[in-house]
Structure formats: C-alpha cells, structure tokens
Amino acid sequence: MNTKAEPAPPKTPRVAVVSGAASGIGSATTALLQARGWRIAGLDLAASSADLSLQADVSERAAVEAAIALAEAELGPIRLLVTCAGHYEMTPFMEIGAAQLDRMMRVHVGGLFNCCRAVVPRMRSRGSGQIVAISSELGIAGGDGDAHYAAAKGAVIALVRSLAVEVVGAGIQVNSVAPGPCDTPLLGPDSPWRDPSYLRTLPLGRLVTPQEVAQSVLFLVESGSFFVGDVISPNAGAAI
Amino acid sequence: MTGTSSLDGRVVVVTGAAGGLGREICRNLAVAGARVALVDLPGAPDLAEVAESVGGLVCSADISDSDQVRSALRRAEEGLGPVNGLVANAAFMAMGALTDQAPEVWWRQIEINLIGTFHTCQAAAQRMVRQGGGAIVVVASEWGVTGWPLATAYAASKGGLVALTKTLGREMMPHGVRVNALAPGVIDTPQLEVDALAAGVSRVEIRERYAEAIPLGRVATPAEIAGSVRFLLSDESSGIVGQVLQPNGGTTRARA
Numbered sequence: 035m036n037t038k039a040e041p042a043p044p045k046t047p048r049v050a051v052v053s054g055a056a057s058g059i060g061s062a063t064t065a066l067l068q069a070r071g072w073r074i075a076g077l078d079l080a081a082s083s084a085d086l087s088l089q090a091d092v093s094e095r096a097a098v099e100a101a102i103a104l105a106e107a108e109l110g111p112i113r114l115l116v117t118c119a120g121h122y123e124m125t126p127f128m129e130i131g132a133a134q135l136d137r138m139m140r141v142h143v144g145g146l147f148n149c150c151r152a153v154v155p156r157m158r159s160r161g162s163g164q165i166v167a168i169s170s171e172l173g174i175a176g177g178d179g180d181a182h183y184a185a186a187k188g189a190v191i192a193l194v195r196s197l198a199v200e201v202v203g204a205g206i207q208v209n210s211v212a213p214g215p216c217d218t219p220l221l222g223p224d225s226p227w228r229d230p231s232y233l234r235t236l237p238l239g240r241l242v243t244p245q246e247v248a249q250s251v252l253f254l255v256e257s258g259s260f261f262v263g264d265v266i267s268p269n270a271g272a273a274i
Numbered sequence: 015m016t017g018t019s020s021l022d023g024r025v026v027v028v029t030g031a032a033g034g035l036g037r038e039i040c041r042n043l044a045v046a047g048a049r050v051a052l053v054d055l056p057g058a059p060d061l062a063e064v065a066e067s068v069g070g071l072v073c074s075a076d077i078s079d080s081d082q083v084r085s086a087l088r089r090a091e092e093g094l095g096p097v098n099g100l101v102a103n104a105a106f107m108a109m110g111a112l113t114d115q116a117p118e119v120w121w122r123q124i125e126i127n128l129i130g131t132f133h134t135c136q137a138a139a140q141r142m143v144r145q146g147g148g149a150i151v152v153v154a155s156e157w158g159v160t161g162w163p164l165a166t167a168y169a170a171s172k173g174g175l176v177a178l179t180k181t182l183g184r185e186m187m188p189h190g191v192r193v194n195a196l197a198p199g200v201i202d203t204p205q206l207e208v209d210a211l212a213a214g215v216s217r218v219e220i221r222e223r224y225a226e227a228i229p230l231g232r233v234a235t236p237a238e239i240a241g242s243v244r245f246l247l248s249d250e251s252s253g254i255v256g257q258v259l260q261p262n263g264g265t266t267r268a269r270a
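Residue numbers (this note's numbering), protein chains in the order written: chain Y, 35 to 274; chain R, 15 to 270.
To be clear, the hints were calculated from the coordinates, so they are not data collected in a lab.
The structure displayed is predicted, hence computed values, not measured ones.
The C-beta atom is built at its ideal place from N, Cα and C for all residues, glycine as well.
Do not take every clue at face value.
[To be verified] Coverage of chain R stretches by chain Y, computed from C-beta distances (three or more under 8 Å per stretch; other residues unrestricted):
1. 137-145
2. 186-200
3. 258-266
[As the list claims (entries may be wrong)] Here are the simulated distance ranges between beta carbons:
4. R:Asp114 with Y:Ser196: 38 to 48 Å
5. Y:Ala97 with R:Arg184: 40 to 50 Å
6. Y:Asp178 with R:Gly161: 31 to 41 Å
7. R:Glu207 with Y:Leu135: 53 to 63 Å
8. R:Gly47 with Y:Met128: 46 to 56 Å
9. Y:Glu106 with R:Ala225: 26 to 36 Å
10. Y:Pro111 with R:Arg88: 46 to 56 Å
11. R:Arg184 with Y:Leu135: 28 to 38 Å
12. Y:Gly161 with R:Leu164: 49 to 59 Å
13. R:Arg232 with Y:Arg158: 13 to 23 Å
14. Y:Leu135 with R:Asp249: 35 to 45 Å
15. Y:Thr46 with R:Ala116: 53 to 63 Å
16. R:Gly95 with Y:Leu135: 49 to 59 Å
17. Y:Ala132 with R:Leu164: 51 to 61 Å
Can you make the complete structure from the sequences, with help from the hints?
Spelled out as structure tokens, the structure:
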C-alpha cells in the first residue's frame with residue numbers, strides 16, 4: 035500500500051472507542067487509527083493492544099457505560115466510536131435455539147445500542163462526534179444457514195440509518211461499514227467461506243482482509259463528511 | 015485537505031473535467047499524485063486553465079461519439095502513459111415536465127450520460143485489461159436512485175449508470191478492473207444556477223431549498239465528493255467492488 039501522501043498525525047491525540055478491539059476487524063481498525071494518531075480505548079471480552087484495554091461485555095449496559103466513562107476519564111473526550119464486537123455461527127434455521135437467537139441480538143443490536151447510548155450524550159454535549167458500526171453484507175443481502183446473524187446485522191443497519199438522521203442535527207455522524215466474507219478468526223479454518231469453490235464465485239476471487247475493512251472505516255472518519263446513514267460495503271463483490 | 019489515499023504516478027482520465035465537480039476532482043487527484051487527462055467538450059470554458067493548474071493534459075472529446083472517446087484515450091496514453099484510472103463524470107441535465115419535454119432533449123441526456131459513459135468505460139477498460147488492471151469510478155446521482163420530478167431523462171440515465179456499474183463490477187473484476195459508483199446528493203456547483211433559473215429563483219434560494227430537505231442541513235461541497243472519488247480510485251478501497259457509495263447528507267429512502 036502506498037503511503038507517501040500521508041500528512042503528519044495531529045499533535046493533540048484524538049480519542050476513539052473501538053469495541054471488539056482484541057481481534058479481527060476491531061484489531062485492524064485499532065492499529066490503523068493508532069497509526070493515524072488516534073488514541074484508542076479498546077472494549078472487548080479479551081485484553082487488547084489498544085492504548086486503554088477495557089474488558090467488558092458489550093451486551094451489558096452498565097458495564098459499557100462504566101467502560102465509556104473510564105475511557106473519557108483516562109484518555110479524554112471521545113470523538114469516535116467504532117463498533118466491531120460480534121460473533122458468527124452457522125446454524126440451519128430450524129435448529130436456531132432461543133438462547134442462540136438471544137445472544138446474537140444482544141451482542142450485535144444490543145451491543146451497538148449500549149455503546150451508542152453511552153457515547154451519544156457525551157458527543158451531543160460537545161456538538162460533534164462520529165460513529166461507525168460494523169454490520170455485514172449478510173445484513174443487506176441475507177445469508178444461507180445463518181439467518182439469526184443476518185437478521186441481527188440487518189437490524190444494525192436499520193438502527194444506524196435511524197440514529198443517523200436523529201442525531202445529525204446535534205453534529206454526530208453515524209454510518210456503517212458492511213464487510214463481506216472477511217479473513218478473521220470468526221471464520222474457522224474449515225469454514226465454507228474459505229472453500230475455493232466459494233471464493234471462485236466472488237468477483238474479487240478472495241476474502242476481504244480486516245485491513246481493507248479498516249480502510250473503509252478510516253475513509254468515513256477522515257473524508258466522509260457528507261455521509262449520513264450510509265452503508266459502505268467492502269465485500270469482494272459478494273453483494274452488488 | 016482530508017484523506018490519505020495516494021495515487022502516486024497513476025494516470026487517470028476524468029470526463030466532464032471543466033465542470034464544477036469535474037475540476038475539483040482533477041485538483042484532488044493531482045494532489046494525491048495522479049497525472050490527470052482532462053476530457054470535456056472542445057471549447058469547454060476554462061478547460062485549459064484547469065489543466066494547467068493541475069499539471070494535466072487536455073484531451074477534448076464529445077463522449078457521445080465513440081471515435082472521439084477512443085482518440086482522447088489514445089492521446090492520454092501517448093501523453094501521460096498507460097491509463098490506470100477513469101472517472102466517468104461528464105453529464106448533461108435539462109429539467110422539464112415529462113409532458114412538455116422534447117424527445118431530442120430527452121435523448122441528448124441519455125446519449126451523453128448513459129451511452130457516453132458506456133463508450134468511455136469500454137474504451138478505458140479495454141486498455142486496462144491489456145495492461146493488467148485499473149479502477150473506474152462512475153459518477154451517478156442520488157436522483158438516479160430516488161427519481162426526481164422534472165428530471166425524468168437525467169434520473170433515468172443516472173439509474174442506468176447504477177445498473178451499468180453493478181454489471182461492470184461483476185464482469186470486469188475478474189479481469190483486474192475494479193468498478194464502483196458514487197450517487198452524490200446535491201452539490202454546490204454552477205449547475206445550481208441552471209436549477210435556479212428553471213425554478214425562477216436565485217442560486218442562494220435554490221441552495222437553501224435543497225438544504226432544507228437534507229438531514230445534514232446543507233448541500234455538499236465539490237471537495238467532499240471529490241474525496242470519495244479519490245478513495246474509490248485508490249488501493250484503500252481494494253475490497254469494494256460494484257458498490258454505489260451515497261454521500262447525500264442523509265437523504266432518507268434513497269438506497270441504491
């Protein structure tokens with residue numbers, strides 16, 4: 035990747051909260067934002083390499099609120115929230131149990147809801163802020179054997195579009211990045227998404243990388259000032 | 015200046031280069047290190063000045079004529095080197111009621127916006143395939159997604175560009191040519207004066223009318239849209255194929 039034209043990082047570090055910062059897209063986003071001069075509070079069940087590693091379950095509202103408060107106290111005003119926390123599993127529709135459905139909704143929709151509830155009042159009081167929610171190409175186009183995941187991600191997109199219009203007047207911009215099949219630990223080594231016969235069906239012929247997803251996040255953060263409630267989908271052509 | 019995408023040394027053809035958005039795209043790409051071939055109608059106002067200010071090369075053509083497009087691409091390659099990028103931005107709009115608009119005026123918009131873009135993409139893609147790849151950004155429009163009263167031909171032509179982009183995304187990616195589109199909302203360019211004239215109001219007034227309907231509360235600056243063009247041309251968007259980005263300030267119920 036050509037990096038010659040990069041301006042120097044700003045002197046006063048900007049502060050972002052990244053959920054799911056310990057692995058995959060969250061980890062790549064943390065690294066890219068750090069390289070651009072941001073200081074990151076990483077929210078994850080596991081420890082992360084963020085500037086401030088906060089271990090919390092995004093589906094628990096009080097834990098998220100406490101973590102966000104600590105992030106502001108330690109690092110300063112939060113200008114950006116990127117929600118990457120999530121989990122994936124394939125289960126045939128008739129076998130999806132109540133607990134599986136509940137967990138899918140609590141982590142993806144509830145996690146986004148909790149994080150936004152914690153940061154929006156802070157951003158609103160300052161009249162500015164940005165939120166980028168990682169959704170999924172499956173939330174746009176539907177899936178096959180993962181209906182609870184697709185439904186949760188579809189809900190994430192609808193939440194993003196609704197919240198975006200509701201808070202834009204307060205100076206807060208909300209958008210989503212909807213990755214396609216991505217080379218992260220969410221896809222096990224034997225995942226059908228890694229099968230060469232599947233990859234051949236993708237116009238790009240390969241999985242997208244976490245770094246490519248992070249680049250779309252960075253674009254929205256640094257150059258996306260007229261994007262409100264949009265969904266950018268680096269998906270290798272899986273959904274067009 | 016925002017954004018980090020570098021286009022160092024790439025040769026990018028921009029159509030509609032003398033227009034309000036086109037000239038900003040040329041500037042933005044040049045700042046990112048691209049060498050720019052500026053395509054616009056022969057005699058387009060300020061084309062030479064814009065070219066000089068960005069260190070680019072004028073390659074005049076009426077894009078509705080495929081021979082002129084081919085010859086412009088040839089001149090671009092001879093003057094600047096193999097073409098790695100195309101920004102299909104040229105467009106013509108004439109607003110008018112469906113019941114009144116003359117068929118020639120309707121057809122001219124389809125001829126330039128849709129067929130002209132087809133000629134441009136075809137000529138550029140042929141060269142890109144031969145040399146192993148490239149990136150194309152088609153500038154469609156929010157109105158091509160939503161439709162718009164009194165803009166039937168323009169909206170239809172831009173809707174056609176959305177379908178063209180999706181098709182080329184699928185068809186050309188296996189050949190190394192990455193195609194995506196932008197569907198911008200209203201942009202603060204001299205085109206607003208045309209709209210204002212049609213509505214019988216001032217440019218300031220028409221801009222305010224548009225802004226009222228945009229959740230962000232304002233129209234786009236050309237620089238904001240140019241930044242999206244640069245992103246889609248650069249390797250930072252390498253995972254994005256056949257997509258339609260919609261910088262439209264939050265206009266709802268406008269989904270490509």
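How the hints compare with the structure:
{"no.": "1", "hint": "137-145", "verdict": "violated (count 0)"}
{"no.": "2", "hint": "186-200", "verdict": "holds (count 4)"}
{"no.": "3", "hint": "258-266", "verdict": "holds (count 7)"}
{"no.": "4", "hint": "R:Asp114 with Y:Ser196: 38 to 48 Å", "verdict": "holds (39 Å)"}
{"no.": "5", "hint": "Y:Ala97 with R:Arg184: 40 to 50 Å", "verdict": "holds (44 Å)"}
{"no.": "6", "hint": "Y:Asp178 with R:Gly161: 31 to 41 Å", "verdict": "holds (32 Å)"}
{"no.": "7", "hint": "R:Glu207 with Y:Leu135: 53 to 63 Å", "verdict": "holds (55 Å)"}
{"no.": "8", "hint": "R:Gly47 with Y:Met128: 46 to 56 Å", "verdict": "holds (55 Å)"}
{"no.": "9", "hint": "Y:Glu106 with R:Ala225: 26 to 36 Å", "verdict": "holds (33 Å)"}
{"no.": "10", "hint": "Y:Pro111 with R:Arg88: 46 to 56 Å", "verdict": "holds (54 Å)"}
{"no.": "11", "hint": "R:Arg184 with Y:Leu135: 28 to 38 Å", "verdict": "holds (33 Å)"}
{"no.": "12", "hint": "Y:Gly161 with R:Leu164: 49 to 59 Å", "verdict": "violated (37 Å)"}
{"no.": "13", "hint": "R:Arg232 with Y:Arg158: 13 to 23 Å", "verdict": "holds (19 Å)"}
{"no.": "14", "hint": "Y:Leu135 with R:Asp249: 35 to 45 Å", "verdict": "holds (39 Å)"}
{"no.": "15", "hint": "Y:Thr46 with R:Ala116: 53 to 63 Å", "verdict": "holds (59 Å)"}
{"no.": "16", "hint": "R:Gly95 with Y:Leu135: 49 to 59 Å", "verdict": "holds (56 Å)"}
{"no.": "17", "hint": "Y:Ala132 with R:Leu164: 51 to 61 Å", "verdict": "holds (53 Å)"}
The earlier numbered hints that this structure contradicts are 1 and 12.
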